[in-house]
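Here the protein sequences line up with chains A and B, keeping their order. Mapping to the numbering used here: the first sequence position 292 is 292, numbers consecutive. With the second sequence counted from 1, adding 1000 to any position gets you the numbering used here.
These are computed hints drawn from the structure, not numbers from a lab. We put the beta carbon where it would ideally sit given N, CA and C, even for glycine. Don't take every hint at face value.
What the hints assert, rightly or not - Listed next, the stretches of chain B that the computed footprint assigns to chain A, with coverage defined by at least 3 CB atoms under 8 Å from CB atoms of chain A:
1) 1135-1149
2) 1153-1164
3) 1183-1191
Listed below, chain by chain, are the residues.
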Amino acid sequence: MSAPAPGTPAAATGAAAKAAYDRRWQRILDCVALKTPERMPVVMYATFWLAKYAGITYRQLMYEYEMTREIAERAVLEFDPEAYNPMVLQSASGRALEAIGFKQLQWPGHGVRDDQPFQYLDREYMKPEEYDDFIFDPTGFYLHNYLPRVASAFEGFEELPHFPGLHYFRLVAGIRPFARPRVRAALANVMRAAEEVDRFVAQHTAFTERMTGLGYPCTNIATSIAPYDFIADYFRGARGMMTDLFRHKDKLLEALDKAAVFILRQTVASAKASGNPIVFIPTHWAPDAFMSEAQFRKFWWPSFRRVMIGLIEADLVPMPLWESDCTKRLEIIRDVPPGKCIYWFERTDMVRAFEVLGDVTALRGNLSPSMMTTGKPHEVDAAVRHLAENVFAKGGKLILDCAFGIPDETPVANVRAMFDAARKYAG
Amino acid sequence: MSDMSEQDRQLMEWLADMREDEALQLANKMLLEDGADPLRVLELCRNAMDIVGQRFSQGEYFLPELVLAGEMLQKIGAVAKPLIKQTAGGGQRKLAKVLIGTVHGDLHDIGKNIVTFMLDINGFEVKDIGVDVPVQTFIDEINGYAPDVVGLSGFLTLAFESMKETIAAIEAAGLRERMKIMIGGGQIDETVRAYTGADAFGRNAVDAVSLCKNWAVVAA
Chain A
1 MSAPAPGTPA
11 AATGAAAKAA
21 YDRRWQRILD
31 CVALKTPERM
41 PVVMYATFWL
51 AKYAGITYRQ
61 LMYEYEMTRE
71 IAERAVLEFD
81 PEAYNPMVLQ
91 SASGRALEAI
101 GFKQLQWPGH
111 GVRDDQPFQY
121 LDREYMKPEE
131 YDDFIFDPTG
141 FYLHNYLPRV
151 ASAFEGFEEL
161 PHFPGLHYFR
171 LVAGIRPFAR
181 PRVRAALANV
191 MRAAEEVDRF
201 VAQHTAFTER
211 MTGLGYPCTN
221 IATSIAPYDF
231 IADYFRGARG
241 MMTDLFRHKD
251 KLLEALDKAA
261 VFILRQTVAS
271 AKASGNPIVF
281 IPTHWAPDAF
291 MSEAQFRKFW
301 WPSFRRVMIG
311 LIEADLVPMP
321 LWESDCTKRL
331 EIIRDVPPGK
341 CIYWFERTDM
351 VRAFEVLGDV
361 TALRGNLSPS
371 MMTTGKPHEV
381 DAAVRHLAEN
391 VFAKGGKLIL
401 DCAFGIPDET
411 PVANVRAMFD
421 AARKYAG
Chain B
1001 MSDMSEQDRQ
1011 LMEWLADMRE
1021 DEALQLANKM
1031 LLEDGADPLR
1041 VLELCRNAMD
1051 IVGQRFSQGE
1061 YFLPELVLAG
1071 EMLQKIGAVA
1081 KPLIKQTAGG
1091 GQRKLAKVLI
1101 GTVHGDLHDI
1111 GKNIVTFMLD
1121 INGFEVKDIG
1131 VDVPVQTFID
1141 EINGYAPDVV
1151 GLSGFLTLAF
1161 ESMKETIAAI
1171 EAAGLRERMK
1181 IMIGGGQIDE
1191 TVRAYTGADA
1201 FGRNAVDAVS
1211 LCKNWAVVAA
């Protein structure tokens, strides 16, 4: 398709763009439904690679909305994928993070250099003795404990009233904390931060609308999380969670049950609001090396499966990214209704995944990061050919991608090789 | 280990089976009430950790068991170490010295910390120099510490280049021949090993221990 130059009004492409959009999206939907698409879809998932592609710093990518939008558009038009990730939302968050005073990440200008990606700080954000508070009243725990710990805009919320139990004249008197200086300052800070977040999300929306006008669908807008990963990564921290499997297993199971309910409700609401049915769910703690099969069956899988089934029942399409190597989990994670999910694998052997899951889910992935960053175009070509011949050509509903999107350091020539090879070997 | 009492066996078994409460209670009783030799209690712990390591290698145990084992050992060590008399022999001879750190640009440390713990309990002297370690810091530490093995850790793909730079700098400083270099982390594979010029890569902490043990045997 001949796309207009960046900056050209999207409407100029009209019906042709709409037809192109529909064809691209249909290839993805065909994979989900386990139908053979007219060609193997290849998607573009880029975050900090966009900085390398355009020759700017990671900091610029995170802070310069207009520049990031322009670069993302240029990349999509150059490589012509079936679909792209919400690039602006996943890259240009610097101002929003700053406005909210986010403490769980370090990003360029805030703890890491301008040419480094943001990195998550694995810490204990909830103590083990706080499980009961979390389980009894997650909202109260968020307001009084969690939010001020993870973002400075919320500092002061510790002094908010405890709402449950307020009644009659106690309710009237109970709102006095809102007059306190720290609470007032916190509310003002949160409102200011929300205004920046509004600008940030508006940039994302403008970008996806423009790309829609040019004929390119976004793979997903909504994201979600496995309940186990939610508690492990964002509350207890890695060490805390691993020892909780022994020291606080009953509390942990209770917290997972609770989290599964509100994660599902929130995800359904955000996915429905986005208008895009695919829900991206990066998983962290499922890999073979991270826990035994018995631990996986007891602690990780049941609450996650409940979330996935809930999404499917809401006519949404869960797209978990199974990080690292999950070969030993394949038989277990097969237990989902056929034709409803996309399983994206990072290091799991894709041919093996196809053998076990080919009649149950679409597949996505998984060119290795080491090859993409240090290899040569002919090696990329061979790797795509391997997947095209051994998965797609044999009936696998494969959506070609890198292992976890395009690694930040990947030479542009290797990305070109990936897209060229996809067309060469699979339509 | 000779002359093992029923109590000794029980401590090892409870530690190896992740029965933390029972194991810590018994260790405290042995150390604080029975007057057991703290070095002997620590040796029992090391034996238990050997069993943990074996179960990890055999696919029975995974990261959670390694982490809990490390915490149990730390708690017993905190009670035992102040009780060790100065005359008690000066401690165990270490197999080799390992310098370990996460390369510059990368802040991840979970894997590195587990490797450090596993090397430590397997008889290596380990110096962990943290995360986001600049190339020059590695050079300075190598000059000061004189390790037999250098371990470079990294989770992000940017670590490939940082590892390559670090190893190139070690070579340029004329230090490369004195040591073995191993790399590890979420994305590390043979392609990255070849790219960086490391001697070996490991997929997990047991791999790291095996590599170091093999090198220590060859060097001995």
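Against the structure, the hints come out as follows:
1. Figure legend: the region 1135-1149 of chain B, annotated as covered by chain A; annotation inconsistent (0 residues with Cβ-Cβ distances under 8 Å, at least 3 required).
2. As drawn, the region 1153-1164 of chain B meets chain A at 5 residues by the rule of a beta-carbon pair under 8 Å; at three or more, the given contact holds.
3. By the rule of at least three residues with a Cβ nearer than 8 Å to a Cβ of chain A, the coverage given for the region 1183-1191 of chain B holds, with 5 such residues.
Hint 1 alone, counting from the list given before, is not met by this structure.
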